[in-house]
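There are 2 protein chains.
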Amino acid sequence: MEIEPTFSASPNFQLPPGFRFHPSDEELIVHYLQRKVTSRPLPAHLITEIDLYKYNPWELPKMALFGEDEWYFFSPRERKYPNGERPNRAAASGYWKAAGSDKPILTSCGISKRIGVKKALVFYTGRAPTGIKTEWIMVEYRLLDSTTKPSRSKGSMRVSEIFNALLRLHICVSQKHGAN
Amino acid sequence: MEIEPTFSASPNFQLPPGFRFHPSDEELIVHYLQRKVTSRPLPAHLITEIDLYKYNPWELPKMALFGEDEWYFFSPRERKYPNGERPNRAAASGYWKAAGSDKPILTSCGISKRIGVKKALVFYTGRAPTGIKTEWIMVEYRLLDSTTKPSRSKGSMRVSEIFNALLRLHICVSQKHGAN
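Chains A and B, in that order, give the protein sequences. Take 1 as the starting number for the first sequence in full-length UniProt numbering and just add one per residue. Take 1 as the starting number for the second sequence in full-length UniProt numbering and just add one per residue.
So that you can see chain A by itself, here it is in the shape it has in the complex (with noise of 0.2 Å):
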């Protein structure tokens, strides 16, 4: 049983103006996806549980639990080809395409551990390889491949334990957004 989190980012959530949900990798990492994945309860309700792949990115932002020009998503991670490692990114009217190779996620506390790793992705529209290029960008985080490979079939994993990705969604488009 999952202990309720105390925090919640309801409708009427409202912080003083100048407060953000700015995590730094390692917070994502530690306080959010490992959390997750070992079904341990999370230290605020923030971030939508959402299969990611289903949807355009446009359909997204209010799919989320807040966000003003980034959102964040828990979302699986599936596989292109039953035995093999490459992911499936094929996404509703188009598919997203890395723009770099993994990036180690480092503790910044004492001993230098690697405890995860991030991926830059860009939205293309239509068919590999002639998608057109979108402005909406994703960092997708994971936690190393050894903890993370499931133990057991799909039917009987923990919820948990299928949304083994947390994405950080955001268009390039500067966003603008009032103030009174």
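What the hints contain is simulated information worked out from the structure, not anything from laboratory work. Even glycine gets a Cβ: it sits at the ideal position worked out from N, Cα and C. Do not take every clue at face value.
[To be verified] Partner residues are not named here, just some residues of chain A that face chain B (Cβ under 8 Å, in silico):
id, residue
1, Pro17
2, Phe19
3, Arg20
4, Phe21
5, His22
6, Glu27
7, Ser39
8, Pro41
9, Pro43
[Unchecked claim] A short list of chain A residues far from chain B (calculated; beta carbon distances all over 12 Å):
id, residue
10, Gly18
11, Thr48
12, Ile50
13, Arg79
14, Asn83
15, Pro87
16, Thr125
17, Gly131
18, Ile132
19, His170
Following the hints, position chain B against chain A.
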């Protein structure tokens, strides 16, 4: 009479991991500095009032109400000479030196309107012009000159009018912080 803000940074003040006070320049001007100077209630009691130039920068973080690698202060901005515009930047065992010119801060909504200026400053120990550059940096936020020029002598000015600059202090050396 000032209305007390409802949100206050106390020693027990704790948000879930990943939340930070990361205000935009516009938010600092509109929600904090403009309100301070015009004696309107602040949205949160987050920013220490201090005569910043009486201290060395390394003495300041402990005087801030919160902050892990950035600290915010309201401070008077005094003139070097009574009839001049030049500010007095001498501070404790050194001085602050501008690292660039004033940069305008514009509104992001509707017709772009100039609402303030910001300037980066670097701390030097010793006496100008032979001081030794340090890693301490701050950004000074001011309202436009037309709204900050005191119309009364200092003796009759309100506290809110004296604290006419907002300063964001930080140190260049990366500040590592733990996660558990």
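Does Ile132 of chain A really sit off the interface, with its C-beta more than 12 Å from all C-beta atoms of chain B?
Non-interface label on Ile132 of chain A holds, nearest chain B Cβ at 29 Å vs cutoff 12 Å.
Compute the least Cβ-Cβ separation between Thr48 of chain A and chain B, then decide whether it is above 12 Å.
Holds: least Cβ distance 15 Å, greater than 12 Å.
Compute the least Cβ-Cβ separation between Ile50 of chain A and chain B, then decide whether it is above 12 Å.
holds (19 Å)
Was the hint right that Pro17 of chain A lines chain B, CB cutoff 8 Å?
holds (4 Å)
Status of the hint placing Glu27 of chain A at chain B (closest C-beta pair under 8 Å)
holds (5 Å)
For the hint on Pro43 of chain A, just tell me whether its beta-carbon gets within less than 8 Å of chain B.
Result: holds, 4 Å to nearest chain B Cβ.
Verify this label for me: Gly131 of chain A is non-interface relative to chain B, using a Cβ-Cβ cutoff of 12 Å.
The claim holds: Gly131 of chain A sits with its nearest Cβ about 32 Å from chain B, beyond 12 Å.
At 12 Å, judged by beta carbons, does Asn83 of chain A keep clear of chain B as stated?
holds (36 Å)
Going by Cβ atoms, does His170 of chain A stay more than 12 Å from chain B at every point?
holds (15 Å)
Taking the least C-beta to C-beta distance, is Phe21 of chain A closer than 8 Å to chain B?
Cβ of Phe21 of chain A sits 5 Å from chain B, so the hint holds.
Go through the hint on Ser39 of chain A and say holds or violated, using the shortest Cβ distance to chain B against 8 Å.
violated (18 Å)
Take the shortest C-beta to C-beta distance between Arg20 of chain A and chain B; is it under 8 Å?
This hint holds: Arg20 of chain A lies near chain B, its Cβ roughly 5 Å from the closest one there, short of 8 Å.
The structure shown violates the earlier hints numbered 7, 8 and 10.
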